[in-house]
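Residue numbers (my numbering), protein chains in the order written: chain A, 18 to 347; chain B, 18 to 347.
Don't read these hints as lab results, they were simulated from the structure.
Wrong hints could be hidden among the right ones.
[As the list claims (entries may be wrong)] Cross-link-like lysine to aspartate or glutamate pairs, in silico, EDC-like; alpha carbons within 16 Å at most:
#, chain 1, residue 1, chain 2, residue 2
1, B, Lys344, A, Asp284
2, A, Lys344, B, Glu212
3, A, Lys110, A, Glu158
[Stated by the list, open to error] Beta-carbon label-pair distances, calculated as ranges:
#, chain 1, residue 1, chain 2, residue 2, range
4, A, Arg302, B, Gly219, 23 to 31 Å
5, A, Ser77, B, Thr143, 53 to 61 Å
6, B, Leu79, A, Pro246, 45 to 53 Å
7, A, Leu288, B, Lys344, 17 to 25 Å
[What the hints assert, rightly or not] Going by beta-carbon spacing under 10 Å, a handful of chain A positions derived as facing chain B:
#, residue
8, Gly221
9, Lys281
10, Asn287
For glycine and all other residues, C-beta sits at the position ideal for the given N, C-alpha and C.
Protein chains: 2
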Amino acid sequence: RYFHFCKLPARVMGIRLLRFTSVVIIVLLLVAGALTALLPNIKDDKMPNLRREPKPPSQSALDSFTLIMQTYNRTDLLLKLLNHYQAIPHLHKVIVVWNNIGEKTPEEMWNSLGPHPVPVVFKVQTVNRMRNRLQNFPELETKAVLMMDDDTLVSAHDLAFAFSVWQQFPEHIVGFVPRKHISTPSGVYSYGSFELQNPGFGNGDQYSMVLIGAAFFHSGYLEDFQRQPEAVYTLIDETQNCDDIAMNFLVAKHTGKPSGVFVKPVDIRNLEKDTNSGYSGMWHRAEHLLQRSYCVNKLVNIYDGMPLKYSNIMISQFGFPNYANHKNKM
Amino acid sequence: RYFHFCKLPARVMGIRLLRFTSVVIIVLLLVAGALTALLPNIKDDKMPNLRREPKPPSQSALDSFTLIMQTYNRTDLLLKLLNHYQAIPHLHKVIVVWNNIGEKTPEEMWNSLGPHPVPVVFKVQTVNRMRNRLQNFPELETKAVLMMDDDTLVSAHDLAFAFSVWQQFPEHIVGFVPRKHISTPSGVYSYGSFELQNPGFGNGDQYSMVLIGAAFFHSGYLEDFQRQPEAVYTLIDETQNCDDIAMNFLVAKHTGKPSGVFVKPVDIRNLEKDTNSGYSGMWHRAEHLLQRSYCVNKLVNIYDGMPLKYSNIMISQFGFPNYANHKNKM
């Protein structure tokens, strides 16, 4: 039954109008209440909010990256580095891979020292394995991963630039530490850095790997890593080494191109000597480099061929830090 | 009718065999004669061939490039540069765009000083136009063009490396001279180099053009250039300038990406002051830079928008000239 305004007496009209108006008001109040309930809760901070910066716009999965940092026996370095890395632009989240088996994570202390710019997740491991950091973590939401060793500090400027480079080369490992393999007449490969002879393709040196301990790469490669031949895992577990060489093999095989793109760091520091733990890192073991040559040859067997390719592209940031860093004598 | 050896008497067999053998010998001689006729003629050199290097394998159109060098009033520099550039690795041919209207080319002298590593073609022009070098020359057989100003010397090392970089970025202008445009609050653009303010996208500077007077680019862009709005040609002809800015607009519009990739040169020299002609090049004109800002704004009108994009990628050669040029303090 519709209202036929014209046909009702004024008094009846008045009461119906009143009823209608009340209903509308009640509905509006309910809606407002619902909206209020849906609003996010404002956290109670211990300090007054007076000087607090406005929240940055939320980072989309395409424009931000996840830092994955594995740690063993260097919690003091870890915490120092977390203070630095938590504030890097475009960082989405930090995943700490906790290889200190049986030891409590510093999560409580971490929370007591909040708030923090981004969420930090401590992933407790059951066995101390080098390849723990190469799991396909469910907490990983971004396309990009930044993997850092727990003793390496790279400046925010370098990271921001390298991230922008990765966005232009998303299928490559974009990082700060280049290495190479060389062929020898016997067919046996050797692993090393620039102290090794150049591979001999024209002028200058070449690199065929970019180490993942200071690099950006696509999170899809963590997924791919779960599907490798069992022998790869055995090799990494045996040596507690070479997970990064294996990743370079994986990427090179996948792309058919050089696995890495080297970005020359302006400010990269190794903080090893700063630790109180006395623990100085795997690469100090006597057999470390020999193991890595061994790994290259084993991986060639496993993958039935040498997929690594050479590159001599070295990328730096135009006009930074020196605004005339590209100037020439012309 | 086949030979049925078994069935013929010995004497008949003898004559037939003799006839058959003679035919075979004559055929072989004819074939040998034909092959000899098809062999390339060995040129008669004035000097004995004793110390002559074997001919290099012919360069395929994909693995070599064509040098296009336009010249006006600096034939002494041209000839000096040709002696250098004719020997660059992977060079297929040189096309000299002869803007000295009415003047004989040095072709006779060039030939008398042969042999030369590659063919050099002198393209006589009828009008002295800046954009003469942007014709789609029929002599052009390679995918890659190296365009050089007639007063610019770039080392063979730099060129070999930049060519390899172009092969990895074939849709870009890969070269040694970066420039940029900047936006101003009025909406009017300005053209310049690093002395201009940074465009303000994060740290450091950016470039949005790579000048074609010392760069590699795809020969397809010369074809594209023939199909531009008439107003572009008018602009270049009016100013006798800006052909390179127009090419950057063309490439940026085509790719939707930054038009150029900057390769930092190790050894690039301007030989202007070395010329006997007294002619010192267009860029010394008082209005040169103002014209280029003018061109940027005109081209934005013509193309109905600003297609140029910024980049801060600076590429250098890993381990060359210094084999440890990427070393860091780690």
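Against the structure, the hints come out as follows:
1. B/Lys344 - A/Asp284: Since the Cα atoms of B/Lys344 and A/Asp284 sit roughly 12 Å apart, the hinted pair holds (cutoff 16 Å).
2. A/Lys344 - B/Glu212: This hinted pair holds, its Cα atoms lying about 11 Å apart.
3. A/Lys110 - A/Glu158: Roughly 9 Å separates the two Cα atoms, so the pair holds.
4. A/Arg302 - B/Gly219: 23 to 31 Å: The hint (23 to 31 Å, Cβ to Cβ) is violated, given that A/Arg302 and B/Gly219 are roughly 40 Å apart.
5. A/Ser77 - B/Thr143: 53 to 61 Å: holds (57 Å)
6. B/Leu79 - A/Pro246: 45 to 53 Å: violated (36 Å)
7. A/Leu288 - B/Lys344: 17 to 25 Å: holds (19 Å)
8. Gly221: Holds. Min distance 3 Å.
9. Lys281: Where the cut-off is 10 Å and the nearest Cβ of chain B is about 6 Å from A/Lys281, the hint holds.
10. Asn287: holds (5 Å)
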